[in-house]
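Protein chains in written order, with the UniProt record's numbering: chain G, 1 to 374; chain Y, 1 to 374; chain E, 1 to 374; chain Z, 1 to 374.
FYI, nobody ran anything at the bench for these hints, they're computed from the structure.
Hints may be right or wrong, so weigh each one.
Claimed, not checked - Chain E residues, not near chain Y, derived (Cβ > 12 Å throughout): (1) 23; (2) 55; (3) 94; (4) 122; (5) 220; (6) 231; (7) 262; (8) 279; (9) 280; (10) 325; (11) 336; (12) 345.
Unchecked claim - Partial selection, computed: residues in chain Z whose CB lies under 7 Å from chain Y: (13) 4; (14) 208; (15) 298; (16) 307; (17) 308; (18) 309; (19) 312; (20) 336; (21) 340; (22) 342.
It should be emphasised that the depicted structure is a prediction, and the values quoted were computed from it without experimental measurement.
Ideal Cβ positions, reconstructed from N, Cα and C, are used throughout, including at glycine.
Spelled out from the first residue to the last, the chains are:
Number of protein chains: 4
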Amino acid sequence: MDALGVAVIGYAFMGKAHSAAWRNVGAVFDVPRYEQKVLVGRDATATAAAAERYGWAESETDWRRVLERDDIQVVDICTPGWTHAEIAIAALAAGKHVLVEKPLANSVTEARNMVEAAARAESRGVFSMVGYNYRRVPALALARELVAAGRLGTIRQVKGSYLQDWLADENAGMSWRLRKETAGSGALGDIASHVVDLIQFVLGEKVRSVSGRLQTFVPSRPGPDGLEPVTVDDAAWATLDLESGALASVEVSRAATGRKNALQLEIYGSRGALRFDLERLNELEFFDSDLPLGEQGFRKILVTEASHPYLDAWWPPGHVIGWEHSFSHQIRDFLLCIEAGRPPSPSFAEGLQVQTVLDAISRSSAAQGTRQPL
Amino acid sequence: MDALGVAVIGYAFMGKAHSAAWRNVGAVFDVPRYEQKVLVGRDATATAAAAERYGWAESETDWRRVLERDDIQVVDICTPGWTHAEIAIAALAAGKHVLVEKPLANSVTEARNMVEAAARAESRGVFSMVGYNYRRVPALALARELVAAGRLGTIRQVKGSYLQDWLADENAGMSWRLRKETAGSGALGDIASHVVDLIQFVLGEKVRSVSGRLQTFVPSRPGPDGLEPVTVDDAAWATLDLESGALASVEVSRAATGRKNALQLEIYGSRGALRFDLERLNELEFFDSDLPLGEQGFRKILVTEASHPYLDAWWPPGHVIGWEHSFSHQIRDFLLCIEAGRPPSPSFAEGLQVQTVLDAISRSSAAQGTRQPL
Amino acid sequence: MDALGVAVIGYAFMGKAHSAAWRNVGAVFDVPRYEQKVLVGRDATATAAAAERYGWAESETDWRRVLERDDIQVVDICTPGWTHAEIAIAALAAGKHVLVEKPLANSVTEARNMVEAAARAESRGVFSMVGYNYRRVPALALARELVAAGRLGTIRQVKGSYLQDWLADENAGMSWRLRKETAGSGALGDIASHVVDLIQFVLGEKVRSVSGRLQTFVPSRPGPDGLEPVTVDDAAWATLDLESGALASVEVSRAATGRKNALQLEIYGSRGALRFDLERLNELEFFDSDLPLGEQGFRKILVTEASHPYLDAWWPPGHVIGWEHSFSHQIRDFLLCIEAGRPPSPSFAEGLQVQTVLDAISRSSAAQGTRQPL
Amino acid sequence: MDALGVAVIGYAFMGKAHSAAWRNVGAVFDVPRYEQKVLVGRDATATAAAAERYGWAESETDWRRVLERDDIQVVDICTPGWTHAEIAIAALAAGKHVLVEKPLANSVTEARNMVEAAARAESRGVFSMVGYNYRRVPALALARELVAAGRLGTIRQVKGSYLQDWLADENAGMSWRLRKETAGSGALGDIASHVVDLIQFVLGEKVRSVSGRLQTFVPSRPGPDGLEPVTVDDAAWATLDLESGALASVEVSRAATGRKNALQLEIYGSRGALRFDLERLNELEFFDSDLPLGEQGFRKILVTEASHPYLDAWWPPGHVIGWEHSFSHQIRDFLLCIEAGRPPSPSFAEGLQVQTVLDAISRSSAAQGTRQPL
């Protein structure tokens with residue numbers, strides 16, 4: 001296979017993170033050959049500077065031109081959610097493998113169109129994937145393995161939360177992330193999406209119905225011309241019924257003072273339990289009821305052994321890795337799937353399914369919490 | 001004031017815990033004089049043995065006879081919930097100060113009758129209190145002080161949970177606690193009651209409406225004659241709207257493998273945050289946003305300083321106390337109120353209000369999660 | 001057996017703690033019958049008040065008179081270290097069972113005399129014990145069980161420390177505890193003694209030689225008439241060679257800002273490891289190398305199960321106990337030994353042996369750290 | 001300034017880690033331009049593969065040839081310690097800036113020669129640095145800032161340890177790291193070196209004298225032809241006297257079961273304290289005695305704010321970084337010093353000074369622990 005030509009679209013936070021992953025994945029993992037061809041952004045000067053800094057051979061301001069190039073096989077979309085559908089559908093139509101940042105889209109309608117485009121492309125051997133990168137945190141991949149191996153027995157109860165505090169300050173300013181028309185939703189789409197995806201990923205099953213609640217604590221925030229209304233949620237809560245009968249709670253907030261990036265997951269089964277916190281992402285706590293009663297306890301597995309997912313390629317035990325490598329691992333898996341001709345996961349369809357869960361949470365919130373089937 | 005004569009009714013788990021508190025409170029705190037007069041239980045032999053062991057001068061099998069005694073001024077009711085109303089109302093009518101274990105009663109109707117009896121008694125200088133003992137854990141009393149002092153600013157979000165695992169094993173046997181007719185409810189009344197009470201206590205405000213969900217994971221359990229249906233919940237979830245606009249989530253379970261007595265509270269306000277875990281009850285984590293940004297962090301206050309609530313009477317700093325002393329502190333406060341002629345808190349009315357919150361959670365669960373006003 | 005008559009000598013910090021233990025041990029554990037007869041102190045009024053408060057039938061100002069009483073069989077000595085030898089030797093001579101607070105004595109010479117007296121008494125069925133109460137913390141008793149069962153394999157390395165901070169403030173005042181003539185030593189005798197005893201207790205073996213260092217950070221402190229010289233150590237360090245070839249480090253301080261009562265023990269063996277912290281005394285961390293590599297981790301055992309040492313008499317799992325009950329358990333074990341006619345441990349000889357280790361640390365410090373055999 | 005041409009010598013563990021740093025530092029930080037020119041190793045095929053993988057333009061088997069090249073300005077030495085002196089001295093003589101992995105050398109004699117060479121080179125504007133990379137962990141850089149700002153007051157006591165367990169298994173095999181002639185020493189040079197350097201770095205002062213102890217728990221290990229003697233230490237202990245009067249303890253081990261990479265530092269001063277653990281390297285615990293007593297506690301600062309050292313170039317708060325970036329930061333600082341014409345730190349002289357501390361620990365161990373001046 002020739003080296004895959006890669007284009008990343010977007011050079012802000014996510015563009016920087018994905019670029020770091022592209023810069024490193026080949027040095028750490030055995031993946032098909034690829035080349036960091038082009039970085040795309042609207043501002044020519046800034047994009048050129050970012051391209052040079054982040055290791056891209058060229059920069060470009062028009063993503064459509066990139067789709068026309070024969071030397072680009074992979075398009076990695078890091079722009080805001082409202083642009084995903086248009087770019088991804090065009091890229092797939094142009095025969096490019098597509099990785100798109102989560103959320104898949106801002107609306108279920110857009111997401112449905114993307115899923116259709118992905119299905120058409122896949123029939124032609126062109127693959128797509130949505131960027132729920134936390135699936136690739138080794139501790140969470142290990143959690144899924146333990147659940148799949150039955151080490152927790154029947155899963156009954158899951159407690160998921162994702163707490164941040166960058167909106168705790170009432171004077172934190174207005175931005176596109178706080179307007180419904182650009183962001184779709186607030187904490188719900190931004191971070192509850194991760195929690196919902198992870199619960200389904202780790203448990204290996206789907207949500208059937210939800211009850212939910214959205215809340216905006218700070219209804220207006222300072223913009224350039226004075227206070228503007230915030231039209232998305234600051235926080236969201238839900239209880240999810242899963243196919244197996246398990247129940248999961250979800251609580252997310254961007255106004256939880258003191259929590260910086262606290263994606264926490266607790267999973268309780270009949271034979272064991274797990275606990276994870278993204279602020280300590282190299283650790284997984286495991287409670288094993290099969291041990292003698294007097295010796296049971298949550299044990300802190302430092303997920304840095306060669307036998308742990310992704311870790312054989314890294315450092316000796318105890319040498320922890322950072323948040324950024326959830327992206328490195330994501331690209332590794334994406335590349336391996338392209339090489340093997342195997343559809344990567346999470347697919348656009350999986351991304352859409354998460355959207356429908358979020359959508360049902362919104363509906364439930366509007367309906368006073370009444371449970372909504374999916 | 002003459003020494004108060006005290007009777008405890010019930011000698012099982014709660015009777016043992018309350019007896020320990022009566023045995024110690026006078027040795028640690030400056031409280032009015034009292035005497036451990038009589039322990040009441042149905043089984044004469046067992047009650048006599050318990051009385052001797054736990055430091056009671058006499059034992060008795062009929063609580064009604066105790067109410068007739070002139071040398072008894074305080075009745076402490078530690079029997080199961082379905083007996084509370086009858087005993088408490090009779091005791092108040094007999095002019096005894098009454099402390100009753102939580103929950104106040106198994107039904108709202110019973111609780112209402114108790115509140116009326118308490119009001120009548122209070123007009124005669126006879127006081128009553130319901131045993132939400134965790135209010136007297138020093139770290140939680142400190143939490144309330146910090147909130148009341150404005151150190152957290154506007155409270156926005158509270159995460160409360162109480163997880164135990166003594167029903168995680170499907171083969172754990174049937175008991176009166178698992179039948180609706182004797183227990184009223186399951187985890188809801190048993191432990192969600194504590195969470196609801198504490199949220200209102202620490203925040204100093206009341207719940208206005210709720211959305212809730214109950215679930216029974218193990219629908220039948222072995223009894224003496226084979227499997228019997230479990231008619232109460234194993235776990236419960238709720239979101240509570242509070243008067244101030246704050247939202248609280250509640251999650252409780254008696255099937256959360258690995259959690260033994262994990263009553264956890266997280267409180268997020270505009271200026272700070274708190275975290276508490278009953279399994280580490282001598283600690284309170286406090287995040288203070290008023291500190292310089294680069295020095296902020298959750299700090300683990302070891303709540304053993306003389307300046308902390310209740311602690312001046314105990315040991316030097318760092319010498320931790322146990323769960324049992326939530327009861328010692330409860331009795332201290334009860335006795336001081338009796339001495340001062342001041343109604344103690346939580347009153348029966350407060351206990352009833354918690355019941356109505358739990359009742360609304362049940363109704364919401366039956367109504368597919370639809371929000372219920374109080 | 002008739003009820004044992006008990007006298008406690010001393011009503012300050014330790015007298016209060018031992019009194020609490022005597023008040024509760026019979027209510028919790030199955031022990032021989034005893035009666036709280038008399039509390040002894042030099043100040044008649046204060047002692048009488050303490051006796052009433054702590055549950056003693058009488059008070060007394062002269063410990064010699066107590067030794068003459070026929071209704072006293074047990075003498076529990078809670079006075080400062082310089083008084084231990086005289087009282088204990090007299091009490092044993094008078095045929096009383098003796099429990100003496102640690103350290104056994106302020107000097108090795110005194111301790112030797114006490115050991116001789118104890119041996120003479122034991123030959124007449126009169127028993128003695130020194131109060132290294134932390135052996136009776138359930139988590140530490142469990143640690144010893146795990147080591148004895150070989151769960152850690154060959155022990156190689158132990159890290160013991162005991163850090164407090166009540167002398168961190170340079171203006172903390174002068175007291176008898178800071179004068180060599182009254183206290184014997186500083187942190188060494190006060191808290192390193194606990195660490196040395198525990199290391200030997202948990203490992204089940206003795207120290208053979210030591211290298212040590214003492215340091216006084218604050219050489220003078222305010223007394224009633226101005227600054228006075230501090231003549232004991234604020235902190236001490238040692239490395240201990242044990243019989244098996246294991247090495248242990250000891251670090252203690254009363255000036256370690258932020259540490260209140262942090263007695264920490266880490267034990268590393270060829271098959272596992274343990275970690276304990278007195279500030280979280282209901283927990284024991286256990287690392288078990290026999291588990292599959294990818295699942296290994298320090299697990300936090302909440303030492304509150306009925307199968308754990310001392311716990312079957314207490315509360316349900318997860319209901320933590322306090323520091324004070326190390327004394328309750330100590331008295332339980334003492335009483336059970338008296339009943340069984342079995343010498344209790346730690347004996348005076350064990351207490352002397354700890355003194356000789358501390359003495360060797362002092363000598364080594366004076367000799368520039370040169371290793372000293374015992 | 002033209003782009004600096006960079007050569008890395010060595011492609012094993014450290015060569016991989018340094019390569020990762022070179023691959024990323026320019027994408028994250030504003031540093032002078034540089035080019036990843038050549039990777040040097042003895043095995044031509046393996047080196048060529050590593051060069052391609054790690055992003056080096058060329059590979060080379062003879063480090064001397066690299067020194068002759070005009071397009072190389074920076075030589076980064078990642079080979080075992082016994083080769084450092086020869087390569088570094090030659091590179092400096094050839095006018096190359098030199099970064100050398102720690103320890104500086106295997107013997108004090110070699111280290112002295114390197115210091116002389118570095119001094120000569122520096123007079124010609126050629127700089128050198130030794131790779132104590134943990135100085136560049138943001139939390140430890142923050143620790144130094146807090147100490148320097150006086151936030152801890154007078155430092156009295158430091159507890160440093162570095163525990164690993166890769167030699168806990170008696171059957172772990174023989175290697176060059178376990179022979180004195182190749183490794184110089186065992187845990188002492190390998191990991192105690194880091195602890196000693198960090199203590200001096202964070203405190204900003206030097207060790208004056210030491211007492212120490214070395215121990216080999218497993219005296220022989222399996223080699224290709226049977227058991228071979230281990231001639232270095234498995235573990236080491238020391239107490240260090242610092243210039244200010246502070247005392248530091250050091251404990252290191254490569255046989256501490258369950259500890260993977262546990263470099264821990266606790267610093268106690270008159271006004272505050274700090275705690276750090278490399279296994280949670282994004283966190284720093286800070287106890288601030290200036291706060292009101294009842295609110296004091298160790299607070300867990302998540303060192304990911306833009307105001308923290310090195311962090312403004314990384315991700316938003318709460319997005320943790322990995323161990324590898326201690327090297328990225330090290331190279332950033334090295335490059336900035338080269339650009340500014342300012343000698344980087346730690347210099348070879350600082351590296352030598354650490355060696356002399358380690359040497360004194362060895363001497364003290366051989367002298368039964370007797371304190372050795374530096």
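Hints and how they fare:
The beta carbon of residue 23 of chain E sits about 6 Å from the closest Cβ of chain Y, which is not more than 12 Å, so the claim that it is off the interface is violated. Distance to chain Y contradicts residue 55 of chain E as a non-interface residue, since its nearest Cβ pair spans about 6 Å, not more than 12 Å. Separation of residue 94 of chain E from chain Y is adequate, the least Cβ-Cβ distance of about 28 Å exceeding the 12 Å criterion. A cut-off of 12 Å between C-beta atoms confirms that residue 122 of chain E is not in contact with chain Y; the least separation is 31 Å.
The claim that residue 220 of chain E is not at the interface with chain Y holds, since no C-beta of that chain comes within 12 Å of its own (minimum 24 Å). Every Cβ of chain Y is farther than 12 Å from the Cβ of residue 231 of chain E; the closest lies at roughly 23 Å, confirming the non-interface assignment. Non-interface call for residue 262 of chain E relative to chain Y: violated, since the shortest CB-CB distance, roughly 7 Å, does not exceed 12 Å. Interface exclusion of residue 279 of chain E from chain Y breaks down, the closest Cβ pair being 6 Å apart, not more than 12 Å.
Its closest Cβ contact with chain Y, about 6 Å, brings residue 280 of chain E to no more than 12 Å, contrary to its assignment away from the interface. Interface exclusion of residue 325 of chain E from chain Y breaks down, the closest Cβ pair being 7 Å apart, not more than 12 Å. Residue 336 of chain E, annotated as away from the interface, keeps every beta carbon of chain Y farther than 12 Å; the closest lies near 16 Å. Here residue 345 of chain E stays apart from chain Y, with its beta-carbon at least about 24 Å from theirs, past the 12 Å limit.
Hint status for residue 4 of chain Z relative to chain Y: violated, with the closest Cβ pair at about 32 Å, above 7 Å. Checking residue 208 of chain Z against chain Y by beta carbon gives a least distance of about 32 Å; that is not within 7 Å, so the hint is violated. For residue 298 of chain Z, the interface hint holds, the least distance from its beta-carbon to any beta-carbon of chain Y being 5 Å, beneath 7 Å. Given the 7 Å rule on beta carbons, the hint for residue 307 of chain Z holds: about 4 Å separates it from the nearest Cβ of chain Y.
The interface hint given for residue 308 of chain Z is met, as the beta carbon of that residue sits about 6 Å from the closest beta carbon of chain Y, less than 7 Å. About 10 Å separates the beta-carbon of residue 309 of chain Z from the nearest beta-carbon of chain Y, more than 7 Å, and the hint is not met. Interface restraint check for residue 312 of chain Z: the shortest CB-CB distance to chain Y comes to about 11 Å, outside 7 Å, so the restraint is violated. Checking residue 336 of chain Z against chain Y: minimum C-beta separation of about 22 Å lies over 7 Å; hint violated.
For residue 340 of chain Z, the interface hint is violated, since its Cβ never comes within 7 Å of a Cβ in chain Y; the closest pair sits about 25 Å apart. Checking residue 342 of chain Z against chain Y: minimum C-beta separation of about 25 Å lies over 7 Å; hint violated.
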